[in-house]
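First to last, the protein sequences are chains A and B. All letters in the first sequence, in the order written, are residues 8 to 123 by my numbering. All letters in the second sequence, in the order written, are residues 37 to 152 by my numbering.
Don't read these hints as lab results, they were simulated from the structure. Zero decoy hints are in this set.
Listed next, the in silico EDC-like pairs over lysine to aspartate or glutamate satisfying Cα-Cα at most 16 Å (straight line): (1) B/45 x A/49; (2) B/74 x B/121; (3) B/76 x A/49; (4) A/115 x B/80; (5) B/72 x A/49; (6) B/77 x A/15; (7) A/84 x A/22.
So, partial list: chain B residues that the calculated Cβ filter (under 10 Å) puts toward chain A: (8) 141; (9) 142; (10) 145.
Partial list, derived from the structure: chain B residues whose beta carbon lies under 10 Å from chain A: (11) 42; (12) 71; (13) 77; (14) 78; (15) 81; (16) 84; (17) 91; (18) 92; (19) 124; (20) 126; (21) 128; (22) 132; (23) 139; (24) 140; (25) 143; (26) 144.
Yeah, the Cβ is synthetic: ideal placement off N, Cα and C, and Gly gets one too.
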Amino acid sequence: GNSVTQMEGPVTLSEEAFLTINCTYTATGYPSLFWYVQYPGEGLQLLLKATKADDKGSNKGFEATYRKETTSFHLEKGSVQVSDSAVYFCALTRGDSGGGADGLTFGKGTHLIIQP
Amino acid sequence: DTEVTQTPKHLVMGMTNKKSLKCEQHMGHRAMYWYKQKAKKPPELMFVYSYEKLSINESVPSRFSPECPNSSLLNLHLHALQPEDSALYLCASSPLGTGGLVGELFFGEGSRLTVL
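Extracted from the complex, chain A is given alone in its bound form (with noise of 0.2 Å):
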């Protein structure tokens, strides 16, 4: 089945510097790429996501392009905040992305600390 693989951490940042958090994939078919972020004490919210080879998702301030021929969706920012501190999953439909519901199978997380 697909599977994910992603650093893990804890990642230690200071304010304002550039984050990368790597994401490469197995997958069978045209899965869909994810990245959801989870707070302390809170469910996972989705930050930005990819369902083709070379899109660009992104969001507040967060990017990640599907790149096929490395398998790949690494997560990066330009200048993080405080408030970035939280857990990051990368993911990725279990199945081909037909329409159907197969749910999504996640990395392990990241853990990103960002200190003031």
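With chain A's structure known, arrange chain B on it following the hints.
Chain B only, in chain A's frame:
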């Protein structure tokens, strides 16, 4: 309304109790999911309902019993649980069919379950 609402937010139960977790969404989504998340781990898929019918059961023990009474509601009935079942239980929904939102899951805040 873009929310998935879960109740209760916290639940403490003994190993002989019977309780239920409830989930509700009014986005017209026809797929609903239960995930289990242990501390510092990614969510793990338990069940998927498509058009109110159980479509995926990830070999979950029978002490967990899902129910989808209509297109807006999803329940998880709990009976004779073990302490290792203590976790955050997340409900999610997604649209079915074609379109840009396919595969994107909308999560609730979760129900934190403690089994004594």
